[in-house]
Amino acid sequence: MLNIKNLHASVGGEEILKGINLEIKAGEIHAIMGPNGSGKSTLSQVLAGSETFEVTEGEVTFNGENLLDLETEERAREGVFLAFQYPVEIPGVSNLQFLRTAVNSMRGHRGEPEMNAAEFMKHAREVSMQVDLDPAFLKRGVNEGFSGGEKKRNEILQALLLQPKLAILDETDSGLDIDALHVVSDGVNALRAKDRAILMVTHYQRLLNHIVPDYVHVLADGKIVKSGGRELAYELEERGYGWLNVKDKEATAS
Amino acid sequence: MATTDKEVNELVKQEYEHGFVTDIESDTFEPGLNEDVIARLSGIKKEPEWMLEWRLKAYRRWLEMDEPNWAQVGYPKIDYNSISYYSAPKRKEDMLQSLDEVDPELLKTYEKLGIPLHEREQMAGVAVDAVFDSVSIATTFKEPLAKAGVIFCSMSEAIQDHPELVKKYLGSVVPSGDNFFAGLNSAVFSDGTFVYIPKGVRCPMELSTYFRINAANTGQFERTLIIAEDSSYVSYLEGCTAPMRDENQLHAAVVELVALDDAQIKYSTVQNWYPGDENGKGGIFNFVTKRGAAIGKNSKISWTQVETGSAVTWKYPSVILRGDNSVGEFYSVALTNNYQQADTGTKMIHLGRNTSSTIISKGISASNGSNAYRGLVKFGPGAEGARNFTQCDSLLIGDRCGAHTFPYIESKNKSGIIEHEATTSKVSDEQMFLCRQRGINPEQAVSMIVNGFCKEVFKELPMEFAVEAGKLLEVSLEGSVG
Chain A
2 MLNIKNLHAS VGGEEILKGI NLEIKAGEIH AIMGPNGSGK STLSQVLAGS
52 ETFEVTEGEV TFNGENLLDL ETEERAREGV FLAFQYPVEI PGVSNLQFLR
102 TAVNSMRGHR GEPEMNAAEF MKHAREVSMQ VDLDPAFLKR GVNEGFSGGE
152 KKRNEILQAL LLQPKLAILD ETDSGLDIDA LHVVSDGVNA LRAKDRAILM
202 VTHYQRLLNH IVPDYVHVLA DGKIVKSGGR ELAYELEERG YGWLNVKDKE
252 ATAS
Chain B
133 MATTDKEVNE LVKQEYEHGF VTDIESDTFE PGLNEDVIAR LSGIKKEPEW
183 MLEWRLKAYR RWLEMDEPNW AQVGYPKIDY NSISYYSAPK RKEDMLQSLD
233 EVDPELLKTY EKLGIPLHER EQMAGVAVDA VFDSVSIATT FKEPLAKAGV
283 IFCSMSEAIQ DHPELVKKYL GSVVPSGDNF FAGLNSAVFS DGTFVYIPKG
333 VRCPMELSTY FRINAANTGQ FERTLIIAED SSYVSYLEGC TAPMRDENQL
383 HAAVVELVAL DDAQIKYSTV QNWYPGDENG KGGIFNFVTK RGAAIGKNSK
433 ISWTQVETGS AVTWKYPSVI LRGDNSVGEF YSVALTNNYQ QADTGTKMIH
483 LGRNTSSTII SKGISASNGS NAYRGLVKFG PGAEGARNFT QCDSLLIGDR
533 CGAHTFPYIE SKNKSGIIEH EATTSKVSDE QMFLCRQRGI NPEQAVSMIV
583 NGFCKEVFKE LPMEFAVEAG KLLEVSLEGS VG
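Line order of the protein sequences matches chains A and B. The first sequence lines up with residues 2 to 255 when you count with this note's numbering. The second sequence lines up with residues 133 to 614 when you count with this note's numbering.
A few of these clues could be false.
Restricting the straight-line Cα-Cα distance to at most 27 Å, the calculated cross-link-like pairs of lysine-lysine (DSS-like) are [claimed, not checked]: (1) A:140 - B:591; (2) A:140 - B:558; (3) B:479 - B:413; (4) A:152 - B:546; (5) A:140 - B:603; (6) B:546 - B:479; (7) B:587 - A:123; (8) B:479 - B:510; (9) B:189 - A:152; (10) B:587 - A:140; (11) B:591 - A:123.
Keep in mind the hints are simulated off the structure, nothing from the lab. Quantities reported herein were computed from a predicted structural model and do not represent experimental measurements.
When you get a sec, could you build the whole thing from the sequences and use the hints?
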């Protein structure tokens, strides 16, 4: 489904990704772990089409198509979804309006008729219950005044509504208490499907107890330095990153 | 960032859709302004002597006045002798008796603008006074309104038919010596709308005036007067458009509102004068004085404006809160794109006890637009227990536009409470990325974000106009994603 070859990306002349190679097949769940500053978030954003970063080398194909040639919104319509680490607020725009516009953009792309307000409302209410969000949230401004946990649940709500082919979850577990983590994990597990792939970016092993990955990769200084199965995450939890000759920038900085 | 700006710029580039010219024979004065011109204008309108005297007095005073230069706008010096002060479509008979006699070209013009004037197609629940250049060409729903005792007619008719009301109230809120542009208007105003709501009457429908500038090299100087007697209510809307021309045209209007005891006036404007092209060539100079006097106790005057057009806007719809417990409101969305400039805001003058005012201003600047909020909140010595809440928000799109806020606060009464909040924000790259990552077009994303920003103001507009305003904003913004 997703094939990344020798991907390099930089911001303001500084190279962050220094040659990423990764293949993800339909139905698989991959976890990318690594210390802060290793390029995990950059990878997520580059795949989703953020214009903050410049791709300097390499290629990415998504279902055979050159992903890097597509505009951000085209990638989204082809089924690439990013659950943001820090979802931004859009004051005055109701969540409902935002979500319906998004869903109808996707439907339009697939040649399906638009969902009217009443139809969509009913559907959105059901899905919001699934991630334990009070349907009253739908009427509030996008992420406006949401708590950290609510924002993350709102991201999962969007994934469930948009039904992407590739869901990239950028530190979706950060800032969640244990109950919220359960809710979010249940949401992600509900997304698991034969024709869908999930790429999880996380700093901590604990998320992987709830969403069990097929593969774990360690990203350090812009490169994947080790890949393995589920057991690699346990090893990292026990031994840290030191044995891989990787420095945790956060640990040294603080 | 660079990419987002480029997109915004592409978005904002859209043709002004009301820019056509109606090909119609007109009687137009030679350019120039002097006492003879004013006398001729007054003569054509068959005005009584007192009206001409009033105009001449205003003119003589105006000659002594200076054009204001304190606003945050720049424009070439206006030569007041190069403007024609009267232009009217030629009429077959003296006065129009019915819509059937209106030139079909004019009816077509208004149809094209989405304002059908024919009885069978008229907008349900909205009565329209259609002003074309210097004259009112038609007023709809006059009869049902007259049954309710409401007077809704052109200013010219009011001077003929209701001289006692005009004499009493014209210039009572905005005196002819108030400011340069109000002085000019007092001397040369050609038409406009007159509304009178009698005691205890709730006006049975929305009233509106649609202003259209058509002729070249003319100015439009309309005068609107709305009087709401005790315990009455009226909601009034105005819309305006003009053809696309390379030369600037002057629009200097005066609007006066009078609200007596327990009366309410809700005044909404959707201003879409031609804004000039993307290089700042042409467009309307919109120099307008709008003021309401909340004279009566418990009276309320509410201004809502959506300003998207004009090359330069200079406009401060204000309320004088004279009656005890009177309420003043100002809700504004002002958008400047390309080289548009706006200096707009309000004045809330609290004189009575327990008076309160609310100001919500939303300024949006895109491309090279410049947008200034200028507002005065004044509590007089007798304004015991007065309150004001002001919120001024600016939204910037791109990195070449500007936003300025000039709040003035004067309080001569210690018991008052004044609150002022101001924010400046940008349509951020993060917001755009979020929207696009969810499959939403950049155009749609900007429009959605801007509409969200204006929500508090749009909800004050009558329903059908709120939708219009949202769409207008979308069109005005096209090309602004940059």
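We went through each hint and held it up to the structure:
Pair hint residue 140 of chain A plus residue 591 of chain B holds up; C-alpha atoms about 15 Å apart against a cutoff of 27 Å. Between residue 140 of chain A and residue 558 of chain B the alpha-carbon distance is near 23 Å, which keeps this suggested pair within the 27 Å criterion. Restraint check for residue 479 of chain B and residue 413 of chain B: the C-alpha separation of about 31 Å exceeds 27 Å, so the hint is violated. Between the alpha carbons of residue 152 of chain A and residue 546 of chain B the distance comes to roughly 44 Å, so the proposed pair goes past 27 Å and is violated.
Of the supplied pair hints, the one linking residue 140 of chain A and residue 603 of chain B holds, its CA atoms being roughly 21 Å apart against a limit of 27 Å. Among the hinted pairs, residue 546 of chain B with residue 479 of chain B is consistent with the structure: their alpha-carbon atoms are about 19 Å apart, no more than 27 Å. In summary, the hint linking residue 587 of chain B to residue 123 of chain A is supported, as the alpha carbons are separated by about 24 Å, within the 27 Å threshold. Straight-line distance between C-alpha atoms of residue 479 of chain B and residue 510 of chain B comes to about 8 Å, which keeps the hinted pair within the 27 Å bound.
Only pairs whose Cα atoms come within 27 Å are accepted, and residue 189 of chain B paired with residue 152 of chain A is rejected, the gap being roughly 65 Å. For the hint pairing residue 587 of chain B with residue 140 of chain A, the CA-to-CA distance comes to about 13 Å; that is within 27 Å, so the pair holds. Straight-line distance between C-alpha atoms of residue 591 of chain B and residue 123 of chain A comes to about 25 Å, which keeps the hinted pair within the 27 Å bound.
Of the numbered hints listed earlier, those contradicted by the structure are 3, 4, 9.
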